[in-house]
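Trainee: Okay, here's what each chain looks like letter by letter:
2 protein chains.
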Amino acid sequence: MTKSATANGAASLWATFELTLEGPSTGNPFQDVQLRAIFRQGDREVQVTGFYDGDGQYKFRFLPDVTGVWTYETHSNAPALDGASGSVEVGPAKAGHHGPVRASGLHFRYADGSRYINIGTTAYVWNLQGDELEQQTLATLAEAPFTKIRMCVFPKHYRYNQNEPDRYPFALVKEGGHTWPASIEQSGWQFDFDRFEPAYFRHLEQRIADLAAIGVEADLILLHPYDRWGFSQMSAEQDDRYLRYVVSRLSAFPNVWWSMANEYDFMFNKTLDDWNRMIDVVIDTDPFDHLLSVHNGFGPFDYSDERLTHVSIQRPYTDRIALWREEFKKPVSDDECCYEGDIGEAWGNISGKELVHRFWDGTVAGGYVTHGETFYNDSETLWWAKGGKLIGESVSRIAFLRQILEEGPDEGLDPMPHTGHHKIMMAGGLDHADLRQLIIPPPEEQGWARAMVHFATAGQPHRYYLTYFGGNQPRELAVAVPPEEAYRATLIDTWEMTKSVIAEKVVRGDMLVFAPKPYQAVLLERIEA
Amino acid sequence: MTKSATANGAASLWATFELTLEGPSTGNPFQDVQLRAIFRQGDREVQVTGFYDGDGQYKFRFLPDVTGVWTYETHSNAPALDGASGSVEVGPAKAGHHGPVRASGLHFRYADGSRYINIGTTAYVWNLQGDELEQQTLATLAEAPFTKIRMCVFPKHYRYNQNEPDRYPFALVKEGGHTWPASIEQSGWQFDFDRFEPAYFRHLEQRIADLAAIGVEADLILLHPYDRWGFSQMSAEQDDRYLRYVVSRLSAFPNVWWSMANEYDFMFNKTLDDWNRMIDVVIDTDPFDHLLSVHNGFGPFDYSDERLTHVSIQRPYTDRIALWREEFKKPVSDDECCYEGDIGEAWGNISGKELVHRFWDGTVAGGYVTHGETFYNDSETLWWAKGGKLIGESVSRIAFLRQILEEGPDEGLDPMPHTGHHKIMMAGGLDHADLRQLIIPPPEEQGWARAMVHFATAGQPHRYYLTYFGGNQPRELAVAVPPEEAYRATLIDTWEMTKSVIAEKVVRGDMLVFAPKPYQAVLLERIEA
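Going line by line, the protein sequences match chains A and B.
The first sequence runs contiguously to residue 1235 in my numbering.
The second sequence runs contiguously to residue 1235 in my numbering.
This is chain A alone, in the form it adopts within the complex (with noise of 0.2 angstroms):
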């Protein structure tokens, strides 16, 4: 006898598609029922680990990279749950179905290779809010240039993150305490981690498809230190089972990346053994090859791990992301440089010019970086824990910056080490060019040598070179294109997001005079010699 499973609906490309089983409900379903489903085209096999829903719903999701028929069948120790097998015929994508966002030599595109430009945004439990803030939160990232959100799986505890959540991700045994115990232990909460709570990550499903419909990727952080009930601190069998969990459940879903961690090394009770087999666990469960790395606190992971897709990094140093390029060959992202705010913690309270500078310097070291706002108000909703509105005067000009980045070169901007280079310094004689072949200075220390010679310029070569003077505000640049190509010249305002041609056709050697002032760019752009 054939038993079959029932579908969401059509299938399409790069869509999530479900199949639903009846199992048993009695014991711990959790725990006792082993099941996955394995999807055929061709020479293609994939294989899905399913889950418990709850109510004897189980649950198989594929999202599928090719068009066509794929069968199915699944297995389980659940005979309810074994031997299902059928067909489904996924279409066409959908306007807006781009699939995963995959690396792409340094920087990302989504799987069906149209680009995608990384500027994330940080609010790490808005999808905990309740409906009217989190439906404001969407409302403000629909309105925001921002094209990720890094958000957590799990409720954080913090200065100004005292609230309870409407639901918790395990079973409630008993309540505890509402402020930072001396340790878990004291915290009062206990849970049955043994037994997830399914309608709390169908409400985390529900908000990761409404970032899906408004163009946001989901970088979700799987774990983090900032807890008062206990979830930070589970055995390793519970992390891993949580991790399986929270990743078969999830993995289907188009707009997710996985982050290890927030701060990782914060989770003073995990080893790096600890993080290492927990990573193998996220990548054994998700057959569909999302993003994953890990963020942290004092000290980076080991990026060059090659399971790591990309460095996703907390650093106010953003010009360093030119050198982590290099060292790990990665796309780079700062995701966290310091937030646009005034609270009295030092990385929450840099002034929007200074954000920014950073998203503008990142950009011009060949990376990304990350927004966050933390403006202190009486209700105590951060934007950067809780969302709801977006008050700094840094958003309007990252979607300036958005918009200068989508008019460029579809590769993305990659540093360009020696154009852009300032006047020789002295004339007809040794300029600093020579200097530096001559004196290399430490690698720590590359950031300070460019501060002091030359600008950062990123671009793409022969066609498309963006000089960014940060702080610094010259009244000149000295055009040094390739010879024998002739150039636009436009100054950028990064702050007050203006542009003007400032020449409608440069050459190698010509000097271009503007009014000097903080925080402008030139951008040179190929037109016919």
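Derived from the structure by calculation, the hints contain no laboratory data.
Owing to the predicted nature of the structure, the values given are computational and were not obtained by experimental measurement.
Every residue, glycine too, gets a C-beta built ideally from N, C-alpha and C.
Among the hints, a few may not be true.
Below, simulated SDA-like cross-link-like pairs (lysine to any residue); rule was C-alpha separation at most 20 angstroms, straight line [claimed, not checked]:
hint, chain 1, residue 1, chain 2, residue 2
1, A, K1059, B, D1199
2, A, K1223, B, K800
3, A, K1059, B, K1036
4, B, K1059, A, P1222
5, A, K1223, B, G1058
6, A, K1059, B, G1058
7, A, K1059, B, A1221
8, B, K800, B, V775
9, A, K1223, B, P1224
10, B, K1223, A, I1097
11, A, K1223, B, D1048
12, A, K1059, B, D1084
13, B, K1059, A, I1097
14, B, K1036, B, I985
15, B, K1059, A, R1181
16, B, K1223, A, D1048
17, A, K1223, B, W1201
18, A, K1059, A, Y1023
Output of the computed footprint for chain B on chain A, the stretches with three or more beta carbons under 8 angstroms from beta carbons of chain B [stated by the list, open to error]:
hint, stretch
19, 1051 to 1057
20, 1169 to 1180
Go by the hints and put chain B onto chain A.
Mentor: Leaving out everything else, chain B in the frame of chain A:
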């Protein structure tokens, strides 16, 4: 028969006392004649090297550090200069005469023990611009907050520095070109490096004395690479003879510091052995132990060398001063952190705001920062090279900082790592200070750790704590002074130059709340409890 020398008047403590003798004027007195004088008081014996000042005049200069009667006698291979003797009574110091500046722990003091606050500026060859401009520079300095000026002995060739000086330090043989040559040999200039031009040095001395009269130290750059006359490429023997000459002329000037070079590592024809030998020549010739350091371009000199009295470094990262203090156990002066201006060169176009920030940043790191100004004008009179007028926005703010330092502890400001810490991040729980004990970032990232975790505070324990927020804009500061001590809290706007008491009395654990804004500081001064 006893010869006697002509003195330049009554002697007083810390004033230059000069003896003149007539001697041979034929041959090459600079090379042929060796001469020295020994000054004695009790067991003290100070040996002074004499020099030829042209026209048959030989001089010995002495800088008495003790009052009372000193005797002297001269020694020379020229009989006319040998065996002169006499005595001089040194009276008390005249008003404003404090002696040379010395390193005092990690700060500086005059030899008489009074406080010296090192606030430098840079005008490399202001002394070679003709009387009108030089007088204007002196008038500017008299009104400015600077207590030190970095300046060169030799003329300078560079962008905006193509003019010829009125005179040269060596006898001119043949005039050459005014632009940068392919090599010094091709410049056309020829000098007799074996014959000094005393008038050149007399003019330099006049300007150094002019500086002393307005309380400004001359941080004298003995060698530099910006040269088309050949002064940077003399033989080792000529270098040594030049150093002996200039030091024997100038070491009795109280307000001279020896800066062996500007950007020593851009002088490619000199080796580290050369620098080590030349340092010894200066020290051997200077009986008065003036401050001595070596200023770098790319690669800092080894400041652990015990012959160097202080760190005179070039770096834009002023927060690293705290690390250099610890590493070298000497006072640190960041003598080139980029200049306020608008020229094309990246080191010469930071904003006034950024330069003032670097001054404060370096101050709360326990060190000192040097000013420079490089605004373009059509006459190419840029302060950084030629002096003239100051038009930048930083000078008045630097004066404001100087006033605060003058009102502060006589010992100067030392970094206070554990005070001025931000509010404990998780109420009642783990705070970042604990984290710092667990995970120590690598040294080159300590600036980062500081930027993310707490604000730099400098002061003197139990008395004075100055916390500077830099570009950050917190709305609050947790008072983290020692228990059972009371302090008055003053909010300082470093840019608007305002100070306002925001709490007459605070104790540990109090929270100061104020309007958030970049570039503010909070000063906590001890009051009676």
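Trainee: Now tell me if each hint is right for this structure.
Mentor: Each hint, compared with the structure:
Proposed proximity of A/K1059 and B/D1199 is supported: the alpha carbons are some 18 angstroms apart, at most 20 angstroms. Taking the CA atoms of A/K1223 and B/K800, the gap is near 48 angstroms; set against the 20 angstroms cutoff, the hint is violated. A distance of roughly 36 angstroms separates the Cα atoms of A/K1059 and B/K1036; the hinted pair therefore is violated under the 20 angstroms criterion. Taking the CA atoms of B/K1059 and A/P1222, the gap is near 14 angstroms; set against the 20 angstroms cutoff, the hint holds.
This hinted pair checks out: A/K1223 and B/G1058 have alpha carbons roughly 11 angstroms apart, not beyond 20 angstroms. Straight-line distance between C-alpha atoms of A/K1059 and B/G1058 comes to about 16 angstroms, which keeps the hinted pair within the 20 angstroms bound. Between the alpha carbons of A/K1059 and B/A1221 the distance comes to roughly 17 angstroms, so the proposed pair stays at or under 20 angstroms and holds. Restraint check for B/K800 and B/V775: satisfied, since their Cα atoms lie roughly 17 angstroms apart, inside the 20 angstroms limit.
Using a Cα cut-off of 20 angstroms, the hinted pair A/K1223 and B/P1224 holds, with the two alpha carbons roughly 18 angstroms apart. About 16 angstroms separates the Cα atoms of B/K1223 and A/I1097, which keeps this hinted pair within 20 angstroms; it holds. Straight-line distance between C-alpha atoms of A/K1223 and B/D1048 comes to about 8 angstroms, which keeps the hinted pair within the 20 angstroms bound. Distance check on the hinted pair: A/K1059 and B/D1084 sit about 32 angstroms apart at the alpha-carbon level, beyond 20 angstroms; violated.
Between the alpha carbons of B/K1059 and A/I1097 the distance comes to roughly 25 angstroms, so the proposed pair goes past 20 angstroms and is violated. This hinted pair checks out: B/K1036 and B/I985 have alpha carbons roughly 18 angstroms apart, not beyond 20 angstroms. Taking the CA atoms of B/K1059 and A/R1181, the gap is near 17 angstroms; set against the 20 angstroms cutoff, the hint holds. Taking the CA atoms of B/K1223 and A/D1048, the gap is about 8 angstroms. The hint holds against a cut of 20 angstroms.
This hinted pair checks out: A/K1223 and B/W1201 have alpha carbons roughly 18 angstroms apart, not beyond 20 angstroms. With a C-alpha separation of about 15 angstroms, the suggested pair A/K1059 and A/Y1023 falls inside the 20 angstroms cut-off, and the hint holds. Counting residues of the stretch 1051 to 1057 of chain A whose CB falls under 8 angstroms from any CB of chain B gives 6; the rule of at least 3 is met. Figure legend: the stretch 1169 to 1180 of chain A, annotated as covered by chain B; annotation consistent (5 residues with Cβ-Cβ distances under 8 angstroms, at least 3 required).
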